[in-house]
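Colleague: Construct the entire structure; sequences and hints are all you get.
Chain order of the listed sequences is W and F. Counting from 1, position 322 in the first sequence corresponds to residue 322 in full-length UniProt numbering; the numbering is continuous, with no gaps. Counting from 1, position 51 in the second sequence corresponds to residue 51 in full-length UniProt numbering; the numbering is continuous, with no gaps.
Heads up, a few of these hints could be off.
[As the list claims (entries may be wrong)] Derived, one-sided and incomplete: chain W residues facing chain F with beta-carbon distance under 7 Å: (1) ASN487; (2) LEU764; (3) LEU770; (4) PRO853; (5) ALA854.
Hints are computed from structural coordinates only; laboratory data are not their basis. Glycine included, every Cβ here is placed at the ideal spot set by N, Cα and C.
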Amino acid sequence: MLRNTLLQLRHNIGRLTAAGLAIVLGVGFVAATLVFTGTMQSSVRHMVAAPNLAADVVVDDQVARVAEGNENDKRQQRLRKVRDTEGVDVAVPRTESYANASWKGERYSVELNRLPEQQALRWYELAEGSYADAADEVVLSERAADSANLSPGDTITLQQPRYVSPREGESEKAPPKREVTVSGLVDIGSNVLTGGSRVTVFAPQGLLNQLGTTDYRAIDLLLADGADTSAVLDRLRGKLDAGQYVKVRTGQQQADYAVKLFSGRVAAALNAVLLPFGAIALFVAGFVIVNTFSVLHAQRSRQYALLRCVGATRGQIRRSALFEALLVGLVTSVIGTVFGVLVSATVSWPLGLTDSPVDFGSLGITPLALTAPVAAGLLVTFLASLAPAARAMRVAPLAALRPVPDEQASRRIGRARLVSAVVFTVAGAGFLLGGALLGSMTMAVPGGLLAVVGVLLFTPTLIPAVARAFGYLMRSLGPTGTLASGNAVRNPYRASSTSTALMIGVGLIVLLLTGTASARNGANEQIDQRYPVDVKIAAEERGQPVPEGVGQRLAALEGTAATAALSGASFEMERPETSMPEGASREDIPPATFRAMGIAPAKLAEVSRHGAEALRQGTALAPSGILDSWGWSEGDRVELPIGEGSATFRLASTDLIRSGFLLTSSDLAATGAETSTSEIWARATSDTYTPSYTGELNSLAEESASTPIDVGGAVQMRAQFTQVLDTLLLIVTGLLAVAVIIAVVGIANTLGLSVLERGRESALLRALGLTRGQLRGTLALEAVLLAVVGTVLGALIGVLFAFGGVAAMFENIGLPVSFAVPWTRLLLVIACAIPAGVLASVLPARRAAKAQPAAALSEE
Amino acid sequence: MSFPNGSQQPAAAPSEQGGVNGQPGFAGQLAESVPESATSGSALVKVYGSGEAGVRALDNVDIGFAGGRFSAIMGPSGSGKSTLMHCLAGLDTPTSGRVMLGDTDLTGLSDKQLTLTRRDRIGFLFQSFNLLPTLTAEQNILLPLELSGRKPDRQWLNELTESLGIDQRLRHRPSELSGGQQQRVAVARALITRPEVVFADEPTGALDSKSGANLLEFLRGSVRQFGQTVVMVTHDPVAASHADSVVLLADGNIAGRIDDPTQEAVLDSLRRLGG
Chain W
1 MLRNTLLQLR
11 HNIGRLTAAG
21 LAIVLGVGFV
31 AATLVFTGTM
41 QSSVRHMVAA
51 PNLAADVVVD
61 DQVARVAEGN
71 ENDKRQQRLR
81 KVRDTEGVDV
91 AVPRTESYAN
101 ASWKGERYSV
111 ELNRLPEQQA
121 LRWYELAEGS
131 YADAADEVVL
141 SERAADSANL
151 SPGDTITLQQ
161 PRYVSPREGE
171 SEKAPPKREV
181 TVSGLVDIGS
191 NVLTGGSRVT
201 VFAPQGLLNQ
211 LGTTDYRAID
221 LLLADGADTS
231 AVLDRLRGKL
241 DAGQYVKVRT
251 GQQQADYAVK
261 LFSGRVAAAL
271 NAVLLPFGAI
281 ALFVAGFVIV
291 NTFSVLHAQR
301 SRQYALLRCV
311 GATRGQIRRS
321 ALFEALLVGL
331 VTSVIGTVFG
341 VLVSATVSWP
351 LGLTDSPVDF
361 GSLGITPLAL
371 TAPVAAGLLV
381 TFLASLAPAA
391 RAMRVAPLAA
401 LRPVPDEQAS
411 RRIGRARLVS
421 AVVFTVAGAG
431 FLLGGALLGS
441 MTMAVPGGLL
451 AVVGVLLFTP
461 TLIPAVARAF
471 GYLMRSLGPT
481 GTLASGNAVR
491 NPYRASSTST
501 ALMIGVGLIV
511 LLLTGTASAR
521 NGANEQIDQR
531 YPVDVKIAAE
541 ERGQPVPEGV
551 GQRLAALEGT
561 AATAALSGAS
571 FEMERPETSM
581 PEGASREDIP
591 PATFRAMGIA
601 PAKLAEVSRH
611 GAEALRQGTA
621 LAPSGILDSW
631 GWSEGDRVEL
641 PIGEGSATFR
651 LASTDLIRSG
661 FLLTSSDLAA
671 TGAETSTSEI
681 WARATSDTYT
691 PSYTGELNSL
701 AEESASTPID
711 VGGAVQMRAQ
721 FTQVLDTLLL
731 IVTGLLAVAV
741 IIAVVGIANT
751 LGLSVLERGR
761 ESALLRALGL
771 TRGQLRGTLA
781 LEAVLLAVVG
791 TVLGALIGVL
801 FAFGGVAAMF
811 ENIGLPVSFA
821 VPWTRLLLVI
831 ACAIPAGVLA
841 SVLPARRAAK
851 AQPAAALSEE
Chain F
1 MSFPNGSQQP
11 AAAPSEQGGV
21 NGQPGFAGQL
31 AESVPESATS
41 GSALVKVYGS
51 GEAGVRALDN
61 VDIGFAGGRF
71 SAIMGPSGSG
81 KSTLMHCLAG
91 LDTPTSGRVM
101 LGDTDLTGLS
111 DKQLTLTRRD
121 RIGFLFQSFN
131 LLPTLTAEQN
141 ILLPLELSGR
151 KPDRQWLNEL
161 TESLGIDQRL
171 RHRPSELSGG
181 QQQRVAVARA
191 LITRPEVVFA
201 DEPTGALDSK
211 SGANLLEFLR
221 GSVRQFGQTV
231 VMVTHDPVAA
241 SHADSVVLLA
251 DGNIAGRIDD
261 PTQEAVLDSL
271 RRLGG
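Modeller: Shown next as structure tokens:
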């Protein structure tokens, strides 16, 4: 029996190619994910351990870490305490911060770390140049600097990110800016925490002081020669009140602790994101496997009957079928795992995780990463082959003696299945709808899953019915259309599992497309509401005027509907007694600096989308945050000390500005304050994201490099939001593409196996005068039909489910439901089904067209 | 099975040369008289495989079949009769030699031209009916016309299906028809294009004797009434006795001819070939 199974398998190896490919792709995905996340994790481990291992003792000081701007003294005090401890030679605060940097006319965000003076604490190797010794020198991380095209001798400008006041609306002076020279590059390994692309700047303490970067998260200690480590640890613990927030550990302990903290976290989070896509790919591959074995067993039914005639038991037939499936599953899963490892090696290299595409040593190949994909592949193959094997087992011995039946009567969908399909679908849809209406995700999500199961149970009826409907359309294409539509639904189960595989992939993609379109729509509505002005240009340095000519250039851009220049003046103001924080005295809180801007109400109406009507003569508009924190309310009359004297204004809240006050231009002029062009506002012609306009705005900002300007407003918000969503969508679609590719392989598979079955028929058609081209066309149409049915149903279900999900989610977070169907993208997805179908038919059609009319007819 | 008085002659049938009641002469004409044959082959050689293992299925065969006659090709298994028919019908290309259909030299045609020739000028009947399971009886019959984009001649369809007794079964699919009915659908399909020649490969092989006899009567009738040319390959002496003439084939060579054959004459000759 075993020998027979193996012989059969060898004989049919060609027919298993597509199923094998499906498993390889699915298993490969899982393996690549596990190896990749493992690699990330080991890289992270190295990264978090290295800085700690350089120090003898590390003080992990959460108290200092959370100390706020004004509590600098507290930090210094604690640092002094550590330094004064007996046995401590050196104590260096470990600063790990961020800064804005610019070089070669571009602006970047960089990591800003302290460069210790002590060689022992420099846990990296100098790769090029020398270490910085002056306050105007820095060293950079080598890899990122290379990709940013920076080398020793280059100058960069550093500035702390703008300090955001905890009290909204109060402006602060811009942090100091320093121009520094790159003295050298250090190799810090690959830093996945920042995607490996962000430059890390190591700056001497002097420079950090100048930049105002004084916070630290830990203190690295080097002990004096001969000091007793445990005694020092005890002394430090006592002095610093070690407990929940302050830990004192040796470097090794701290490294172990940091690794433990990270261990599993990165990999687990990434796996949680990526592995579901692997599961989807394998699930879809399951459909291809079911089809392959169903067809294979049907073709062998005579052989099985013969075996039964000569004494094989049902169990033996079944075992033989399952053994065959497991063997196929094992071989292809192993190939898939190897494939996955190769893929992750290729992916890890450009990300800087490994040194070369064949640097397998640095890959995080865990035993789990090698066994789990194989197990998953085996499991899927086994489960998918259960039903076909059960059917093979049912062949009656008598079948061997009868002539091969012409056409297997199409099996009808079972009653139990139909009933459960209806129950699941209706109940699931009900819950989904209920969840949508009540805004309950806990109701909508299980409802959606239940409905999916229902629809999947329906597919053997649903898909042939839809295919027949489409088939009527194809009849108009002549005999090839008639033949193709008939062939496509000949075996409803086969057709349905072929299209279902595609339906799942497309359904998920459409679900995401619709979901993101709705999210974008909702976000745009929110942005419109909160940012009534499309474009706001201001000098990057607060209080500076907008450079000359920017307004004209903005007005000249295609896509700008109207512009207005706002004059502005700064003024200082004391907090009213009533709004003082509890226990604070006037001396503690310096007067706040505000900016008042003026614009003519008519102009404002041109450049804002709403809120302009509130601006009248004698009114000062302010963001509600200021009103709240200063204890004012709308309608109050307040004296604002703008200019020489001061004027009284009626207050009203507005979304037009984020800080300061907005007056009419004549009111501002009447104060006699010295003004300059403070901001330029514009309204765009389009109220949605327009890449070209955003690009124009960005280049406008770049052109004005001498006096850097900031471009803000709704246009930028929409652009940012759309870009983030589109990037996410692109990544997720890419991940789902594996499932779709497997589904298309499945179409080719079904077609290829059917072509083998229909060898005689193809030959007959050729004998009757069907040209090779027409035969190929018939198969292409059949494939297109299967693809279009799967895609259209997937799109339909995706949109419906997205509707439920979006409604539930928006309700849940308390936003007005905003549902958008991305028609263009949807049509694009559906249109893609046609070339995909044609592509899937290429190989089967070639094979079918090869059939010699005579040869096929004469063989009995 | 009866024929309506077929006033209509198959347009494509070359009837000048072989009249409906043409005197029974020789079935196989010689190569020199090729133009007068509806279908003929000269110096046909067909080798399967190559070298030592090569099998010569046809060994320099010269043969022609007159138009408007019902001819049979007989011979034991492996005699090359099916190969001969496949070559004549343009289903297979001979290794060497020439095949003529009317005035057309089939050997020089491309695959596409051959396909179009088969579609428009040749009809086929097979042992295993070979109907397409996804199409109804009517769709099966009209398939060759549809493939060539020609409009079906409704009257001709009605005449054929009525005389074959399948006019009530046209909406059924092959799986809903009996073997005899399926073969009659196949006959209608072979005749619907009014082909110059109908090639039949063991058409009665899968039928019971009564259905088989009916089918042969019909084919004979179509020759008599419409001047149809029919070439049939069979190993059944009873079937062969319905033909106007029989060509005997053995080991890839023509081994004899019998005109107006009777069962006994055919059996005799076969016995001599076999012995």
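Colleague: Could you run down the list of hints and mark each one as holding or not?
Modeller: Hint check results:
With a cut of 7 Å, the hint placing W/ASN487 at the interface with chain F holds, because the nearest CB-to-CB distance is about 6 Å. Hint status for W/LEU764: holds, given a least beta-carbon distance of 5 Å to chain F, under 7 Å. Interface restraint check: W/LEU770 against chain F, minimum CB-CB distance 6 Å, threshold 7 Å, status holds. Restraint check, W/PRO853 versus chain F: the minimum CB separation of about 5 Å is within 7 Å; hint holds.
Here the hint on W/ALA854 is kept, as its CB sits about 4 Å from the closest CB of chain F, short of 7 Å.
Violated hints for the displayed structure: none, as all numbered hints are satisfied.
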